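Asks: Residues per chain, in single letters:
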Amino acid sequence: MVTAVTNFGRSGVADWLVQRVGGVILLLWLCFAGAILLGNPDLGYQEWKAVFEATWVRIFSLAALLSLAAHAWVGLWCTLTDYITPRLIGAHANLLRGVLVLVCIATLFIYVVWGIQIIWGI
Amino acid sequence: MLQVSLYRYNPETDSEPFMQDLEVDTGGRDLMVLDVLEMIKASDPSVTFRRSCREGVCGSDGVNMNGKNGLACITPLSETVRNNKLVVRPLPGLPVVRDLVVDLELFYQQYEKIEPYLQNHNPAPAIERLQSPEERAKLDGLYECILCACCSTSCPSFWWNPERFIGPAGLLQSYRFLADSRDTATEERLAKLDDPYSVFRCHGIQNCVSVCPKGLNPTQAIGKVRNLLLQRAT
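These protein sequence lines map, in sequence, to chains A and B. Note that this note's numbering numbers the first sequence so that position 23 is 30, with each residue one more than the last. Note that this note's numbering numbers the second sequence so that position 185 is 192, with each residue one more than the last.
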């Protein structure tokens, strides 16, 4: 078994499942949002606000937001551990990857908090 | 005359690898790539490559021909040559020992990790452990692997993480033992694979399937290993 401290799940199955389940939630949310946009050509802020006043829409949107963050995290972690390695770019790779991992975590955290603010603030 | 571009590197004399351009008279015959390499070696004995059975059984002469991995001994020129040009390089992603010979240490380390031998915790029977024809059939498409390394060295995930990702060859062999009705170490085998690297670095791009000279499907085997891991975890 290969361990990796920066991988939150510490399990390939968990990461794989999170991406797949998250992908399905994202697809459903995109269909939902797409249907609203396509079904209401004259959609304005008031109509959009009315949709998001329903608690289930906010919970659904939060699930989509968290799915997006989890999906992005697994993908970015994979990409960073593929390309930012001592094998490919030399001895300073681990330090650089550590910094980039922190940047990714901070960015995703900010987007999630900001997204929650937006969903509940519409 | 066939135009051949051959990867050359002798670490004792060359500061870096280079491509050597050669012309080979094939007499218009549809030779195997290995025959061409042998003709080149006859005129320049310093050209180095591995070979043994010359019939696709030993897996020694895996090389990269015009960008695609394969066994030189069973790859006819008509299958690989385009515009009368043949470019032969070593298998990608592994350290080059000399010319077309690569160091397969990392490949074998991954193979060793999956414990490629039958493990059975029950007392040995008097004669042999029997299998039904159906149980035996589950090993078809798995046992035929000759460990030529064409698949693993065509896999970008193996290029990036050869110390951590087991690679298509090792995972095909892993499933060969997971699928074997006589093997009772399924839980121990799966426990050693449940991390973010060993199996899950496979993103299913199927380079391994397109290059396997034995026509095997490592991606499918990896999918079955993944399903077993999922069943174990849920």
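Bear in mind the hints are in silico, worked out from the structure with no lab data behind them. Hints should not be assumed to be uniformly reliable.
Simulated pairs of lysine to any residue, SDA-like, Cα-Cα distance not exceeding 25 Å [unchecked claim]:
| no. | chain 1 | residue 1 | chain 2 | residue 2 |
| --- | --- | --- | --- | --- |
| 1 | B | Lys145 | B | Pro83 |
| 2 | B | Lys120 | A | Cys85 |
| 3 | B | Lys231 | A | Val31 |
| 4 | B | Lys231 | A | Gly82 |
| 5 | B | Lys199 | A | Leu87 |
| 6 | B | Lys221 | B | Glu62 |
| 7 | B | Lys120 | A | Val31 |
| 8 | B | Lys75 | B | Lys145 |
Reference excerpt, derived from the structure (chain A facing chain B, CB under 7 Å, subset only) [stated by the list, open to error]:
| no. | residue |
| --- | --- |
| 9 | Gly19 |
| 10 | Val20 |
| 11 | Asp22 |
| 12 | Gln26 |
| 13 | Phe59 |
| 14 | Asp89 |
Since this is a predicted model, take the numbers as computed values, not measurements. Glycine residues also receive a C-beta, built at the ideal position from the N, C-alpha and C atoms.
Asks: Now look at each hint and say whether the structure bears it out.
Replies: Hints versus structure:
For the hint linking Lys145 (chain B) to Pro83 (chain B), the alpha-carbon distance of about 32 Å lies beyond 25 Å, and the restraint is violated. A distance of roughly 22 Å separates the Cα atoms of Lys120 (chain B) and Cys85 (chain A); the hinted pair therefore holds under the 25 Å criterion. A C-alpha spacing of about 21 Å is found between Lys231 (chain B) and Val31 (chain A), which places the hinted pair at or below 25 Å, so the restraint holds. Proposed proximity of Lys231 (chain B) and Gly82 (chain A) is supported: the alpha carbons are some 22 Å apart, at most 25 Å.
Proposed proximity of Lys199 (chain B) and Leu87 (chain A) is supported: the alpha carbons are some 23 Å apart, at most 25 Å. Proposed proximity of Lys221 (chain B) and Glu62 (chain B) is supported: the alpha carbons are some 12 Å apart, at most 25 Å. Between Lys120 (chain B) and Val31 (chain A), the direct Cα distance comes to roughly 34 Å. Violation of the 25 Å bound is thereby established for this hinted pair. Distance hint between Lys75 (chain B) and Lys145 (chain B) is unfulfilled; the C-alpha atoms sit about 29 Å from each other, more than 25 Å.
Among the interface hints, the one on Gly19 (chain A) holds; its C-beta lies about 3 Å from the nearest C-beta in chain B, closer than the 7 Å criterion. Interface restraint check for Val20 (chain A): the shortest CB-CB distance to chain B comes to about 4 Å, inside 7 Å, so the restraint holds. Of the supplied interface hints, the one on Asp22 (chain A) holds, with its beta-carbon coming within about 6 Å of a beta-carbon of chain B, less than 7 Å. With 7 Å as the threshold, the beta carbon of Gln26 (chain A) stays out of range of chain B, its nearest partner Cβ sitting at about 10 Å, so the hint is violated.
At a threshold of 7 Å, the smallest CB-CB gap from Phe59 (chain A) to chain B is about 34 Å, leaving the interface hint violated. Checking Asp89 (chain A) against chain B: minimum C-beta separation of about 4 Å stays under 7 Å; hint holds.
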